[in-house]
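Student: From first to last, the protein sequence lines are chains X and F. So the first sequence is residues 1 to 433, counted in the working numbering. So the second sequence is residues 1001 to 1720, counted in the working numbering.
Just so you know, the hints here were simulated from the structure itself, not pulled from any lab data. Treat the hints loosely; a few may be bogus.
One side of the interface only, derived from the structure: several residues of chain X facing chain F at Cβ under 8 Å [unchecked claim]:
#1 R73
#2 K74
#3 W113
#4 S204
#5 W226
#6 M229
#7 P277
#8 C297
#9 T335
#10 H338
#11 C354
#12 S357
#13 G361
#14 W362
#15 Y381
#16 L408
Only pairs whose alpha carbons sit at most 30 Å apart, straight line, appear in this in silico BS3-like list of lysine-lysine [what the hints assert, rightly or not]:
#17 F/K1221 x F/K1289
#18 X/K145 x F/K1452
#19 F/K1595 x X/K197
Glycine residues also receive a C-beta, built at the ideal position from the N, C-alpha and C atoms.
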Amino acid sequence: MATHNGEEGVYIQTSFFTKEKRYAIEDTPFSLPVSSTRKDLNQLLNQLLSENSDDKITRSIDFDFLINGTLLRKTLGDLTSSLSLTLENVVQIEYIERNPPPSLENELPHNDWVSAVHCNDNYILSGSYDHNVRIWSHSGKLITKCLGHDSKITDVAWLPRQPSPEGHMTFLSSSHDQHIHMWTFDPNEDEESVRLKVICKGHSRSVEAIAVSPYKENCKFVSCSWDKMLKIWSGEIGGADVNDDDEDKQAKRSNINLSSKPSSRAPVATLAGHTHPIMCMTWADDGVLYSCGYDHCIREWDMTTGVNTGIQNGSKVFLDIDKRPGSPLLVTSHTDKHIRIWDNRTDSPSVISCTLSSHHGWVKRVRWSPLSEYQIVSGCYDNTARMWDTRSPKVPLYTMAAHNGKLLCLDWSYRQLIATGGADNTLRTFRVG
Amino acid sequence: MSKRKRDGPSVPERLKEDPEPSEEALETHFDLKDELVLDADDEESDNESLEWEESSEEVDNEPAEEGEHSNLEEEKEQVDDYDPWDEAEYTDTSDEEELRNTVGNIPLEWYEDYPHIGYDLDGKRILKPQQGDQLDEFLKRMDDPNYWRTITDSTTGKETVLTDEDIDLIENIQRSQYPQPGFDPYEPYVDLYSHEKMVHPVSNAPPSKRSFLPSLWERKKLVKLVRGIKLGIIKPIKKPEKPQVYMLWSSETENDKLRPHQFIPAPKARLPGHGESYNPPPEYLPSDKERLEWEGSSVKDRRPFIPTKYPSLRLVPRYENFVKERFDRCLDLYLCPRQTRMRIQVEPEQLLPQLPKPKDLQPFPTTEAIVYEGHSGMVRSIAVENEGQWLASVSTDNTLRLWEVDTGKCIKVVPLPGKPSSVEFITNVKMSIVSVAFDDSILLINHGLTDKLDVISTDAALVASGEGEEEEGERGGTETKPKPVEWRTYTVTDEEYSNGYRLSLKHYKTVSQVTWHHKGDYFASVTEGGGSNTTCIHQLSKRQSQNPFKSLKGSVQKVLFHPSKPLFFVATQTYVKVYDLVKQELVKKLTPGVKWISSIDIHPKGDNIIIGSYDKRLCWIDMDLSTRPYKTLRHHRQAIRQVIYHRSYPLFASCSDDNTVIVCHGMVYSDLMQNPLIVPVKVLRGHTSVDTLGALSCAFHPSQPWVFSAGADSLIKLYT
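All chains, full assembly: derive it from the sequences and hints.
Tutor: Structure representation (structure tokens):
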């Protein structure tokens, strides 16, 4: 067809529709040149909206356009030819409001490489190679710094907020020193706001990651380690824990008050099965945990029984895994520069439904967006974080030149905040939307 | 039957009446036969009549033949000879009834004297026609214009005038033409019985029933023949033998066939050139000195001919060597067997072995992933911890650095008192020790990075062994035997203890290598500079050192423990000697055929070793196969610094001063009949050379197909 040659003067019959009612327009077909880009369509749409709508929408809105569920990134002609659509029919174009690119908000300095970060509604938790766990406000103010570990922090996590009268928040930190610390943080107190409550001992090598169960009641968390084991721990602060003499040393070194000695805690259960170190885990909604690491496979664990219920084999080392909330899609990052999306539902032998490849190094972290079911953010050793849309898997949506060194950790737990930590001793926060 | 024959005419009627073959089919068959017989009789009679006609034609012919004679009288006489009976036969008209010959075929002379000839039915004489006399004859001849064509019927004596048609007939016969006037011999041919199929066939008779039935008598005859052949009475007719013929003038005989078919032309005699000319160009002419030399040399050695110049061809003398040269040439042709030399056309690609594509041999390291920056001097040696979490490196900046493999973060820097040459993790996973060889000592350092319990137990074990060692030392002192190695234990009070220093082993010479036994208790060290005491084996638990080889020829380069058997490899400059440590004897001597061995590594299964050399070669020796290399690879452009095997993947790598690490696929099959498959898969470039030194050390990740390389540019790189 001549239209596919991208010639000037070739037009496509299009009609626009949207699922957002406030931006709805009349269903009239337009004839658009194949060379028109997103900007052209955007201009047209804004003009239409301003013409036929009431005065509500006066500012220009940025739209994204979808044809058959694929984002328009280049020109109309390119997309229609890649989707192999005939240009004789009217092409239905869906338009959605475009998310603005994430903007760098804060740059939070650390003393050493930042290795872990986790955000909740108000605070940012960061762990560093200087053995400290820091708590920051969203605005970038350092609330407190707590030292309890002997070695670098590998992961930090907020526990789901308990409905406690004191307004305590609980968080976890794991470290190379094989322990997981459970801390409480009381933002209302100025001094001694952070207390080390429980030290979880059981791993025989450095703990690599912790994953907190999404259930608020009967709080549990799981840790994985270089000793190839998964350990399940209770997430309650109070409980039958043992105090021993080691804790005194730990507490002495920490700069927090000794009034309440941290208690020691043993794991509820240990899940063995991995043959190589485990790098990452993620919880599914239905009490299923996915773990993966150096042994090139994803193991699926039923956490109520502690049984390994499934294995999916890959070919490369897994560095991170995340589960899309509300759907069985898993996203994994690998040492071979790729991000893979796993879909269990397909009948095809390959459960990898999509491969996102644009990074130039190990993809250390990958997270689904809490905002949109299509967006993924990934952090890589090539100093960048990239935001992806699964509807246009070839090119990332945005590339955030996040750090001057390797990007080591990334978090997008809080809706509007992406936090990345890197080897340039900074934690950076990006505002989304 | 006879009855039926009698009333014969009724037979066809009966046939018509009864067209269906009745129960008396046989009889009707006979009836038909009878009918046919009857018909045949009729045909015979017809034939007779035909014969008659033929004879009458002959009669016609006869007078014509005689008509050649010009004399009519004679003709008349001849005509008289005609048979009157014949005449009667075909002149059957009623007008000439009375002139009918009644006497039969008798000579007419008998009736010469009578006025009549014969008698009619009534018995009356038939009178002769009126005969004229000579005068009448003459008058007739004169007057009658038809006289010339009047003839006398000899049988009746009647005169007849020949008609014009008769004359034509006679003339035609005389001219030897077709007698019938107007006969066209070239009439257009009418193809009555055409080969072409006609719409209405000439005969539409259905094929006879007999033609469909197998013949009974033929079968009988066949049976007879078959029986005869079986019994051997009838013998097959032999074909008469053909006389042997051959090509009389064919050049190929039996002898020729035995000869090789390819004709090999005789080598051509050298053609004379300018030098042989009677008037050669001046540059061909020898100088006086050359001529003298030629004359002085023996006939055998010199060339047979020397160019000579003559003023004219007339003055050229007889060539004295002519007969000898012809004779030699004949001898050459006659005595020297000739043979064609087969030249094989081989494409260079065909000479290369068929190797699988590297793409099919994945996984292997391909891209640079992480750079470990921090050293300020050449990184001399690297080692990876058993689990693959930590990387240790020693550099000429006198530090030992411990790195986190995943991130490239330097976790620990341990200052060293001297220039280190080698670093190695202990093979015992329960102990957290890294051994560093520097200057003349070996340091055992507790890195404290693995399990905390292991770290504590390691310290405890070292202290315990130290207590034993002191007793040992006391006893050793009494024996006054010079100890090859001095052990020193660092205590908590020592400054270096906080750096992780636990033990040091002081040698007398510079230590170049430390290697651990797979169980992690024994380790061996190599000191530089030849002579005795170059190789020591130390036992950690008992703090003993021994020197198993009192005298070793050549300077020892590297030593190696076998991964499963009590074997010990000692690589000197050109040989690798394999010792059995239990029996304390030399088992094998491997000759890789290189000039200077730089490093050696053994396959985890223990049957293959690779040897790298400073003369750029990498040798793979299959020890079950031979003591010589199974394959020698020359991929590097400069000296190979280290060769290593991967512990679990079928990979081996070599690093060289040309800044490359070459990763090869080296598959060892459990089937003893199958040779190892060696395919170079990847060249990894990443270092820059400093003072002609490139990649100094390399190490594989213990569980992943990743390779680390350390270079003189103070960088360590990880390729995944």
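Student: What's the verdict on F/K1221 and F/K1289, does the C-alpha distance respect the 30 Å limit or exceed it?
Tutor: 109 Å, violated
Student: Please verify that hint: X/W113, Cβ, nearest Cβ of chain F, below 8 Å or not.
Tutor: 6 Å, holds
Student: Are X/L408 and chain F close enough, Cβ to Cβ, to be under 8 Å, as the hint says?
Tutor: 6 Å, holds
Student: Go through the hint on X/K74 and say holds or violated, using the shortest Cβ distance to chain F against 8 Å.
Tutor: 28 Å, violated
Student: Would you settle whether the hint for X/S204 is holds or violated, based on the nearest Cβ-Cβ distance to chain F being less than 8 Å?
Tutor: 5 Å, holds
Student: Between F/K1595 and X/K197, is the straight-line Cα distance small enough, at 30 Å or below?
Tutor: Cα-Cα ~66 Å, so violated.
Student: Straight-line Cα separation of X/K145 and F/K1452 no greater than 30 Å?
Tutor: Roughly 25 Å separates the two Cα atoms, so the pair holds.
Student: Against chain F, run the beta carbon of X/S357 and see if the smallest gap drops under 8 Å.
Tutor: Violated, because the Cβ-Cβ distance from X/S357 to chain F comes to roughly 13 Å (cut-off 8 Å).
Student: Is the interface hint satisfied for X/H338? The criterion is a beta-carbon contact with chain F at less than 8 Å.
Tutor: Interface hint status for X/H338: violated (12 Å vs cutoff 8 Å).
Student: If you take the shortest Cβ to Cβ gap from X/W226 to chain F, is it below 8 Å?
Tutor: 6 Å, holds
Student: Given X/P277 was flagged as interface, is its beta-carbon under 8 Å from a beta-carbon of chain F?
Tutor: For X/P277, the interface hint holds, since the closest Cβ of chain F sits about 7 Å away, which is under 8 Å.
Student: Please check whether X/R73 passes as an interface residue: C-beta within 8 Å of a C-beta belonging to chain F.
Tutor: Hint on X/R73: violated, closest Cβ of chain F at ~27 Å, above 8 Å.
Hint violations for this structure: numbers 1, 2, 6, 8, 10, 11, 12, 17, 19, all remaining hints satisfied.
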